[in-house]
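Protein chains: 2
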Amino acid sequence: MARTDVNTLGEFGLIEHLTRNFPIVQPETLKGVGDDAAVIDNGTHLTVVSTDMLVEGIHFDLAYTPLKHLGYKAVAVNLSDIYAMNAFPKQITVSIALSNRFSVEALEELYAGIHAACETYQVDLVGGDTTSSPKGLVISVTAIGQGDRDLLCYRSGAQVGDLICITGDLGAAYLGLQILEREKQLWQENPQIQPDLENQKYVIGRQLKPEARRDVVEIFRKINLKPTSMIDISDGLASEVFHICKQSKVGALIEESGVPIHPEAEMLALKFKLDPITCALNGGEDYELLFTIRPEDVDLIRFLPEIYIAGEILDAKDGIKLNTKGGNLHALKAQGWVHF
Amino acid sequence: MARTDVNTLGEFGLIEHLTRNFPIVQPETLKGVGDDAAVIDNGTHLTVVSTDMLVEGIHFDLAYTPLKHLGYKAVAVNLSDIYAMNAFPKQITVSIALSNRFSVEALEELYAGIHAACETYQVDLVGGDTTSSPKGLVISVTAIGQGDRDLLCYRSGAQVGDLICITGDLGAAYLGLQILEREKQLWQENPQIQPDLENQKYVIGRQLKPEARRDVVEIFRKINLKPTSMIDISDGLASEVFHICKQSKVGALIEESGVPIHPEAEMLALKFKLDPITCALNGGEDYELLFTIRPEDVDLIRFLPEIYIAGEILDAKDGIKLNTKGGNLHALKAQGWVHF
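Protein chains in written order, with the numbering used here: chain A, 1 to 340; chain B, 1 to 340.
Please note: incorrect hints may appear among the correct ones.
[As the list claims (entries may be wrong)] Listed next, the in silico DSBU-like pairs over lysine-lysine satisfying Cα-Cα at most 30 Å (straight line):
1) Lys68/B <-> Lys135/A
2) Lys135/B <-> Lys135/A
3) Lys68/A <-> Lys201/A
4) Lys273/B <-> Lys209/B
5) Lys135/A <-> Lys184/B
6) Lys226/A <-> Lys209/A
7) Lys184/A <-> Lys135/B
8) Lys135/B <-> Lys68/A
9) Lys135/A <-> Lys209/B
10) Lys209/A <-> Lys135/B
11) Lys226/B <-> Lys249/B
12) Lys184/B <-> Lys135/B
13) Lys317/A <-> Lys226/A
[As the list claims (entries may be wrong)] Reference listing, derived: stretches of chain B covered by chain A, where coverage requires no fewer than 3 residues with Cβ under 8 Å from a Cβ of chain A:
14) 56-67
15) 110-119
[Claimed, not checked] Partner residues are not named here, just some residues of chain A that face chain B (Cβ under 8 Å, in silico):
16) Ala2
17) Glu28
18) Phe102
19) Gly136
To be clear, the hints were calculated from the coordinates, so they are not data collected in a lab. Where a beta carbon is used, it is the ideal one built from N, C-alpha and C, also for glycine.
Looking at chain A on its own, in the form it has when it is part of the complex:
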């Protein structure tokens, strides 16, 4: 029997490959695999469903991740997918597999974080599964949200001439991870050393306790704005721009000068000898929103805090490009996170 390594396809390629022959047979299923969330027609409302799996040693490292933060993050990153549909999460299920090295007290910490996230975002924990694993901790969260038929945003709605917008700043979560990884390594080499987190509270907070942009979706309602497309920035800006362009069948121009980077992230990137824009484009785990708006809607967002215009949707034949601060046009490359 042939043996093809899974990493030859990449994460998205693999999902596409495995699910290509699955038909949609239920008339209520409006959207299956391929957006931030699935969409189900329930008559009065649309139900929006998203799911994520977090695996110890792949998505998190308990050497520097407090269990409470982990619980919070596991929920927040999932809700982020629901907000990215321009919908509001209402319920979650949380399934956990854990080895016997975890005590009831450790689980209570994890659930305290899940509880805090449920409170912050006003979602109900309605189910789940708790089982043992031979090794390590696995968390699977499914979020269920409610959306209005006329307001839901897909990845596929961007049109030529639309403006590309970003909420909040990018790259900081990735730099937070770099600090935590460096300190872990130093500590492993010499357990006497106390971690030096350099008062980098901002970037470490972005890594360990990200928030989903519920506030932004609420603002959209208040100012009566419906983005033409939206996606959450979980794998780095570049990867998300590629998703929007692929599904909207368009190209894009990103202005480096328009990509928001926090001053602390910028300084830290230079210290790590990394290009700050690379951290923003390919770092991931920011959980901000990337959305596009019609040019005539620009006045609605121009003076809003934490919303940045970072580029424009182009014709597909123009490709996906980055205009650097130095004025050079590069083809944008999407690395995303390679887990395999």
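Model the placement of chain B on the given structure of chain A, informed by the hints.
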């Protein structure tokens, strides 16, 4: 910090303990943790959500489980929870974490099984996550179903005098597992030995490829029967009777002579020096339905194939009892499956 071992609470105790402080804040959430599925009010319909996590080395052993069967079973056991609400599943999400020992071809096998289950039960695969794991395979399935407000069955509806009914036979899946485990051990001791499955196709099929009882829920619709309570038999009859009794605040009498056991399972149990009724009560993984009906509805089911009357709901003060074939009354004990 105190350290309490998770197995001191048991699986159900642990879930109860961890989720006891989670309030329900969304008005649409009709039922959270504690039944086969959560229930969400969507106006015209009720949405029913259930989730399960299957972990290699805990819930399945790839030494004797073909990946295609595993994919089928992972879906079927989840749908069983939706049918147990007297509702019909419509969509599923499937998340998978796997180590690099799995090839694309192996995953294709797994997804072929998921595909077959989607086809059998007419559900749409609408999302999921595929990620790597340091070791082993983890599958998390969430099923979303649709139910009628007036027809949904909870664990809490059984009333004194109701008849306790079972679909299909019990214990065979557990005996199938015993054969597979025995052959694995023999094979590990001597890899030259060909497995001797003794033509035990029935019990092995019950273990490796269980079906969810969609047909029974369809029959309920046709004969216009609404059970007063229902649960799927995943952890053995005894454990499920306890769930019904606890949530309905009643007692129960189970007649050993009324518990259906397949002749092949019965013979095999004796060969393994196991009491057949113990296999039925505590074996688990049968994925049949346990339901209760009002005594005046008995004529609706009396002549249906594969529906057995196995006892009666008693007052809570009468406890939960088994009347053996020999005419002795025992207190029923629920072991369920202990994973920790």
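Checked hints:
no.	hint	in the structure
1	Lys68/B <-> Lys135/A	24 Å, holds
2	Lys135/B <-> Lys135/A	8 Å, holds
3	Lys68/A <-> Lys201/A	17 Å, holds
4	Lys273/B <-> Lys209/B	25 Å, holds
5	Lys135/A <-> Lys184/B	22 Å, holds
6	Lys226/A <-> Lys209/A	28 Å, holds
7	Lys184/A <-> Lys135/B	22 Å, holds
8	Lys135/B <-> Lys68/A	24 Å, holds
9	Lys135/A <-> Lys209/B	27 Å, holds
10	Lys209/A <-> Lys135/B	27 Å, holds
11	Lys226/B <-> Lys249/B	20 Å, holds
12	Lys184/B <-> Lys135/B	21 Å, holds
13	Lys317/A <-> Lys226/A	26 Å, holds
14	56-67	holds (count 4)
15	110-119	holds (count 3)
16	Ala2	6 Å, holds
17	Glu28	6 Å, holds
18	Phe102	7 Å, holds
19	Gly136	6 Å, holds
In summary, this structure violates none of the numbered hints.
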